[in-house]
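Let the hints inform the model, and build the full structure from the sequences given.
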Amino acid sequence: MKIDRRCFLSLGIGATAGTALSPLPWKLMDDISIWSQNWPWTPVPPDGEISYTDSTCTLCPGGCGITVRKIDNRVVKIEGRKNHPVNNGGICVLGLSGPQLLYGPTRVQSPMKNVNGTFQKITWNQALSEITEKLLTIRAEGRSHTVAGIAGSSRGTVPALLQRFLTAYGSPNFYCQSSIEDSFSLSHIQPQNNKTIPGFDLENADYVLSFGTGIMDGWGSPLRMIQAGNAWKTGKTKLIQVEPRLSDTAAKSDEWLPSKPGTEAILALGIAHVILLESLYDQTAINYHSEGFSTWRTAVLAHYHPDKVAEITGIDSRTIITVGREFGHAERPVAIFGRGKGNTPLSLTEMSAVHALNVLVGNVNKTGGVFTLPEPNYISWPEISLDTKAETGLQTKQIAEGGLLHRLPSAIKEAEDSVTLLFVADANPCYTLTDTKEVIRAFKKIPFKVSFSSYMDETATLSDLILPNHSYLERYEDVPVTSGLRNPLIGFTKPIVNPLFQTKHTGDVIISIARAMKGSIGSSFPWENYLQCLKNGLGQHWNPLINNDVVEIKYVPEFEDIPRFAFQIPNDKPQVLLEGNENNMNLTLIPSDSLRLSSGYIGAPPFMMKTLPDTILTDNNTIIQIHPKTAEKLGLRQGCYAILKTPKDEKKVKIHLSQGIGEDIISFPRGLGHTAYDRYLAGKGINFNELIGPVEDTFSGLDVAWGIRASLIKA
Amino acid sequence: MSTVDDKANEIEPFDNKAESTSVNNGNGIAGFTILFFIIGFTASLFIGWIVFPKLLYSKKKQPLDFNHEMHMTLVKNGCESCHFFREDGTYSGVPKLAQCIDCHQEVQGDTGNEALFVEKYVSKGKEVPWLIYSRQPDCVFFSHAAHIKLAKMDCETCHGHIGQSTSLKPYEYNLITGYSRDIWGKNPKNYLGLKTNTYDRMKMNDCAACHMEETGRKSSVSTEKDGCFVCHK
Ligand code: SF4
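Chains as they are written, first to last, in the numbering used here: chain A, 1309 to 2023; chain B, 4 to 236.
Hints listed in this document are in silico derivations from the structure and should not be mistaken for laboratory results.
Fair warning: this is a prediction, and the values are worked out from it, not measured in the lab.
Each residue gets a CB set at the ideal place from its N, CA and C atoms; glycine is no exception.
Be a bit skeptical, because a hint or two may be false.
Said to hold, decoys possible - Derived lysine to aspartate or glutamate pairs resembling EDC-like cross-links, with alpha carbons at most 16 Å apart:
no., chain 1, residue 1, chain 2, residue 2
1, B, 99, A, 1355
2, B, 99, A, 1357
3, B, 206, A, 1380
4, A, 1802, A, 1772
5, B, 57, A, 1339
6, A, 1546, A, 1514
7, B, 99, A, 1380
8, A, 1378, B, 90
9, A, 1826, A, 1695
To be verified - Quick list of the computed label-pair ranges, beta carbon to beta carbon:
no., chain 1, residue 1, chain 2, residue 2, range
10, B, 230, A, 1380, 28 to 36 Å
11, B, 149, A, 1946, 49 to 57 Å
12, B, 149, A, 1991, 47 to 55 Å
13, B, 179, A, 1957, 55 to 63 Å
14, A, 1683, B, 93, 41 to 49 Å
15, A, 1852, B, 109, 37 to 45 Å
16, A, 1433, B, 67, 23 to 31 Å
17, A, 1919, B, 149, 29 to 37 Å
18, B, 68, A, 1852, 49 to 57 Å
Claimed, not checked - Facing chain A, according to a computed beta carbon distance under 7 Å, are these residues of chain B, among others:
no., residue
19, 93
20, 94
21, 140
Encoded structure:
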């Protein structure tokens, strides 16, 4: 008897049969499949109680209502708030990405001090006493006017607190970014020295003539615009889009008029010519709402014949005549202005030329038209007390003439120590201001910079001290919204979660600094904390806001309130000239705005970056769009690299050929090229603002640059 | 020289020998072969049914012991007193500290476990890291409301008589999946799909079988749909 190979084979067969009849293989298979579907390293959000809280989004000027979904104490989703007057349930990709701004790596988690280029954590006590001491020293030296402040907006209690602080301290140097609202206001004659803001009743218009306005690309309050735009489709409202680029708005319009860039004012005057010639204007309304009509009429009829306009703008004269007639005959026509997202001011000439169309057809302060709204001044605080030091300081001239922020960098460079201390709140000038490199250079010259940013943005990175604000999901604050709404409103944010980090409300910081300085400055801030100050400032609005998060400021125009539009006789060249020499830079560079890119002071969160198509960004390269004929002239191909040169800078870009852009024009995505924030945003593409510089409007001094001359050479 | 026939004759005895050897050995080898088969068969059955389940699971102690039976005598609303439905209809599951604190802000009785609970968790405001016997994967959607409120099922049907237990059994978990042993159940016959009580095993086949029995459909009553996506969202 011998144990041989067959025995072992038999053992194996027995073992296999036994195993097959045991749970081992089947259970193992099942377990492995369960394991492979639930990798232990896949993060699983903890379960808990679901709750919804309403608040307001502050990530762009849109002012949408949001409903935040939480599981226990963790924010998991932001949805659009149903029945909100702005967005009625809608939400954009930036608003949706809000939780990433709350929990993401870009948050500044405690006060930070820049020590030789590296940030070190300090306590709030250290931070506040350092800043208070500095402010006291500067004031004692009689240089209070050298302290300046930049805020993201001119409205709301936080910018107002910063301005109030500077005033009580003795500095006239409070600045914020200009907008098309400034251009609109300047084109009117005010009964008093008030500001007039435009409100568009777009939901009721039946013919919309848009001069480059990014209705679907983030203009004004982006979701309200998209919803209005979608309603036009069903309600048979006609949208005419004048724009050199086939933007999302142009693609959705009924007619796209691809005018040459910068010729919008001339086209508007050509259309006005048709309306005047065919007497399609409303003389009574003109008498009511404007001044200087007859001389303007003569000038337009003399110089803006459609044939001539067609030559300059590239839009066929028959189209101009048709649009003029349609606009003149429409029941509720409206002409809308502000290129792209509408964040940059327009020249007074362009503003006047476009808005003149509204005045001509008499749709001012009428259903479906443009409303001239008063500035929503709703904050009611006690008077500021000023001591002699404050009064002397306030008598000095503003460092940037006319209070225009874009003038500040050059003013700083010209006069050493003109700004010794700068506060920056809810703004990121080292990214958003044009000619960014020069802005950064000027910024670095300021001996002490204080940022209130919640995020490690470009300005915060270059600051000496960061006093981080709570994120918008952790704080109370009023959110004034104008953004072209028919009725301005006050939104309200409230803490959805307790502050995650060692942050402090900017309002509280300003109040504590002021109170620590005592004297008239301290007494100008009689509140214990920001919440008390907010409640006091909002007065009658407090209760509705705390209960409903939004108050509409309904405005029914009274005749005597209405500011009168001043018809401006267009000069020889109503176009804003481009910077650069036409001989060696014969292309025109224009920005392109998109809802998928945030170009304001809030950088795009990772979700948003993931939505970018490869016609905007690939492999961290900015993609520019040019017409195939332009490419042919320059010897460029689809997907090749080129050096883009403007009078301000030169950058390497990738080429995308598109029929959706006119010849000799370069379309460049705005909102890329961050150097700060986190690794999901930094180092991706190029910042458009670095390639362009401010161009001042001769009348208003506002920075009205809409593009720049450029050249492209194969890399 | 030999003829062809001679050769044949010469070979024959050899062949016969070979044949007889093979027959002789055949009896021995067949016995061994069968023996080895049986050894392999029984050993693997033993490993598969007895050793493998032992190796597959590991045990952990709950952070605290808990007496369900005693609590049941103190509360008014049965299981739902602590395992309640929230206002929006979602199910709260294992109670959070916030609910326990209602009664246990201070030590009430004289059990060591309660004193430990108050000292380690209540006074520090820390949640108890309970190990959950019925935890489901994140990819499974299960609505308690549909089963308890609409279908009027008892908690016991799926969870057994936990309400009558005086202490918590050790938490046994699968070393591969990390999930509790209660899903497959403990009794080896559960593997064959033979179970005595409804709650002996709670795999998805058991859900489907119960649905089939009660409603004639394999899965959702409300959506009237069969298919993976009813539960796997
Ligand atoms: S449009 Fe602006 S305000 Fe509205 S959700 Fe988007 S980012 Fe927020």
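Hint numbers the structure violates, sorted upward? Per hint list: 3, 4, 16 and 20 violated.
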